[in-house]
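Okay, here's what each chain looks like letter by letter:
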Amino acid sequence: MVELLRSLGRFALGFFERLGRATLLLLNIVRGLHELVPRPRLVVQELYSVGVLSLLIIVVSGLFVGMVLALQGYNTLVDFGAEQSLGVVVAMSLVRELGPVVTALLFAGRAGSALTAEIGLMKATEQLSAMEMMAVDPIRRVLGPRFSAGVISMPLLAAIFSAVGVIGGYFVGVGLLGVDQGSFWSQMQSKVDLYDDIVNGVVKSLVFGIVATWIAVFEGYDAVPTSEGVSRATTRTVVHTALAVLALDFVLTALMFGEH
Amino acid sequence: MADPDRPLVEIRNLSFSRGTRKIFDGVDIDIRRGSVTAIMGPSGTGKTTLLRLIGGQLRPSTGSIRVDGQEVPKLSRGELYRLRKRMGMLFQNGALLTHINAYENVAFPLREHTDLPEPIIRDLVLMKLQAVGLRGARELMPSELSGGMSRRVALARAIALDPMMILYDEPFTGQDPISMGVIVRLIRLLNDALGLTSVVVSHDVPETASIADYIYLLSDGKVVAQGSPEELQRSDSQWAQQFLQALPDGPVPFHYPAPDFREDLLAGREAHGRKGAA
Numbered sequence: 003m004v005e006l007l008r009s010l011g012r013f014a015l016g017f018f019e020r021l022g023r024a025t026l027l028l029l030n031i032v033r034g035l036h037e038l039v040p041r042p043r044l045v046v047q048e049l050y051s052v053g054v055l056s057l058l059i060i061v062v063s064g065l066f067v068g069m070v071l072a073l074q075g076y077n078t079l080v081d082f083g084a085e086q087s088l089g090v091v092v093a094m095s096l097v098r099e100l101g102p103v104v105t106a107l108l109f110a111g112r113a114g115s116a117l118t119a120e121i122g123l124m125k126a127t128e129q130l131s132a133m134e135m136m137a138v139d140p141i142r143r144v145l146g147p148r149f150s151a152g153v154i155s156m157p158l159l160a161a162i163f164s165a166v167g168v169i170g171g172y173f174v175g176v177g178l179l180g181v182d183q184g185s186f187w188s189q190m191q192s193k194v195d196l197y198d199d200i201v202n203g204v205v206k207s208l209v210f211g212i213v214a215t216w217i218a219v220f221e222g223y224d225a226v227p228t229s230e231g232v233s234r235a236t237t238r239t240v241v242h243t244a245l246a247v248l249a250l251d252f253v254l255t256a257l258m259f260g261e262h
Numbered sequence: 015m016a017d018p019d020r021p022l023v024e025i026r027n028l029s030f031s032r033g034t035r036k037i038f039d040g041v042d043i044d045i046r047r048g049s050v051t052a053i054m055g056p057s058g059t060g061k062t063t064l065l066r067l068i069g070g071q072l073r074p075s076t077g078s079i080r081v082d083g084q085e086v087p088k089l090s091r092g093e094l095y096r097l098r099k100r101m102g103m104l105f106q107n108g109a110l111l112t113h114i115n116a117y118e119n120v121a122f123p124l125r126e127h128t129d130l131p132e133p134i135i136r137d138l139v140l141m142k143l144q145a146v147g148l149r150g151a152r153e154l155m156p157s158e159l160s161g162g163m164s165r166r167v168a169l170a171r172a173i174a175l176d177p178m179m180i181l182y183d184e185p186f187t188g189q190d191p192i193s194m195g196v197i198v199r200l201i202r203l204l205n206d207a208l209g210l211t212s213v214v215v216s217h218d219v220p221e222t223a224s225i226a227d228y229i230y231l232l233s234d235g236k237v238v239a240q241g242s243p244e245e246l247q248r249s250d251s252q253w254a255q256q257f258l259q260a261l262p263d264g265p266v267p268f269h270y271p272a273p274d275f276r277e278d279l280l281a282g283r284e285a286h287g288r289k290g291a292a
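Protein sequences, first through last, are from chains W and G. Everything in the first sequence is counted per the working numbering, starting at 3 for the first residue and increasing by one. Everything in the second sequence is counted per the working numbering, starting at 15 for the first residue and increasing by one.
No wet-lab data here; the hints were simulated from the structure. Treat the hints loosely; a few may be bogus.
Some chain W residues near chain G, calculated using beta-carbon distances under 7 Å [what the hints assert, rightly or not]:
1. Ser95
2. Ala126
3. Glu128
4. Ala132
5. Met136
6. Val138
7. Ile141
The calculated DMTMM-like cross-link candidates involving lysine to aspartate or glutamate, where the alpha carbons are at most 20 Å apart (straight line), are [unchecked claim]:
8. G:Lys99 <-> G:Glu85
9. G:Lys236 <-> G:Asp39
10. W:Lys193 <-> W:Asp182
11. G:Lys88 <-> G:Asp42
12. G:Lys99 <-> W:Asp182
13. G:Lys88 <-> W:Glu128
14. G:Lys236 <-> G:Glu118
15. G:Lys88 <-> G:Glu24
16. G:Lys99 <-> W:Asp139
17. G:Lys88 <-> W:Asp139
18. G:Lys99 <-> G:Asp176
19. G:Lys236 <-> G:Asp206
For glycine and all other residues, C-beta sits at the position ideal for the given N, C-alpha and C.
Hey, can you work out the whole structure from these sequences and the hints?
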């Protein structure tokens, strides 16, 4: 029993110590972001590797998720004779929930893990130390541009995911299941609200972008500088991001839509 | 302005611990301006840690580290970074940035710290690469360079901002004789031609002794011997003799501390006997 309490205490202390270190790192990153203003090239380069290179997986996944949503939605709606509302169901599900959440989970697997591995290996091969000795702060030069790129990319990727998902839903709903094209689009247009649905979805994906990229860069920067350490850090990035995104999604959804 | 007659680096009563393990315990070291000073000692004596302490990447538990008159552990971040611009460090594996080629690696500190126009950066980079004999390898990526070439590119990068001092971390480890000869020659040549001060951390005795003006021998967190290479060769210090002549036993024992050998063997036999009887 005492041993159990002790290990629980150790776990809690370790957790808060890491959280503290991660918060200090985030503050350091944010404090140095203004230095990127005169050097936008640094962020653009990272936008390419974090955002553009994630496009394929986002587009393909979005297409399939939209197609599945249309299939599942149609089967439920048709029982109530409401299959003409399929467009609303697909669009609402994507914009409010699946767009931000699935994009964040895919981002963690594709870009987050790559960020952690890259930064962890830079640490293991002393590239970060070498920068420090060249009077270049790696937090501002390496982590800052990657963090900015992640935060900028996430809402854009989530928007693309949702848009492609709607197109996938259209193919299945209108093309395959015979839902009326006019109803599909017009109901979507009248029911999906700019502020309640789209802005809230963008806010969600922005929060997920901050959290997912923060976890990825922290895990890389904090990794034990060995091959095993980097591999563990990469795994932790994916697992912690997935848990954080799902938990935050609940909190954000409760705050945004809980009162309706 | 610091006194030019004073040593460039003055370390006094330096102590540093990692956890409960004492790495340094009351170390005094002076690095004279314009000299090549070697810090030598067996593996694990904290030689690399000493370079990190001089560069301000670590802070000592107690003691003083002055570089060009500035107390390194007390410097603010801005002051430390200003001091580091005047220092170069050559890491053991070169630590080149792996996503850019040799040219861009040497140009990196120039681009970060100066607003020089591109033609001047190009000239400077080519001059530095020429100094290490790798002007022709400027387009190669770090993964295409051999270990020795990586270190030479890293050396060109370390001298890019014309520093006052270069810290070398194990520059000879794992090199073939030709690469090693090149690096040995370069350290001395660059030191004298550019008016640098060099600190070489190494355990390669003949190579280091051939270029060093002064040698500090470290062991168990203390300076156990010091002097010019000739003085150390003549020294009657057991430490110096064991290290310089690569003797397997001496003040650094061959055996890791262990219980008495006879008792250890008998303990195994007794335990086995008890198990058999049971």
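### Message
Lys88 (chain G) and Glu24 (chain G) were given as a pair; does the straight-line alpha-carbon distance stay at or below 20 Å?
### Response
Roughly 14 Å between the alpha carbons, so the hint for Lys88 (chain G) and Glu24 (chain G) holds.
### Query
Going by Cβ atoms only, is Glu128 (chain W) closer than 7 Å to chain G?
Constraint on Glu128 (chain W) satisfied, holds at 4 Å.
### Query
Within a Cα-Cα threshold of 20 Å, do Lys88 (chain G) and Asp139 (chain W) meet the stated pairing?
holds (18 Å)
### Task
Return the status of the interface hint for Val138 (chain W): holds when the least beta-carbon distance to chain G is below 7 Å, violated otherwise.
holds (5 Å)
### Task
Given the hint that Lys236 (chain G) pairs with Glu118 (chain G), test it: the Cα-Cα distance must not exceed 20 Å.
violated (40 Å)
### Query
Lys88 (chain G) and Glu128 (chain W): Cα distance at most 20 Å?
violated (24 Å)
#### Entry: Closest C-beta approach of Ile141 (chain W) to chain G relative to 7 Å, hint status
violated (11 Å)
### Query
Minimum Cβ distance from Met136 (chain W) to chain G below 7 Å?
Status holds, d = 5 Å.
#### Entry: Straight-line alpha-carbon gap Lys193 (chain W) to Asp182 (chain W), limit 20 Å
holds (16 Å)
### Query
Does the alpha-carbon distance linking Lys99 (chain G) and Asp182 (chain W) stay inside the 20 Å limit?
Answer violated: Lys99 (chain G) to Asp182 (chain W) is near 69 Å, above 20 Å.
### Query
Measuring from the C-beta of Ser95 (chain W) to each C-beta in chain G, is the shortest one below 7 Å?
violated (39 Å)
### Proposed proximity, Asp176 (chain G) with Lys99 (chain G) (alpha carbon, max 20 Å)
holds (9 Å)
Checked against the numbered hints listed earlier, the structure breaks hints 1, 2, 7, 12, 13, 14 and 19; every other hint is satisfied.
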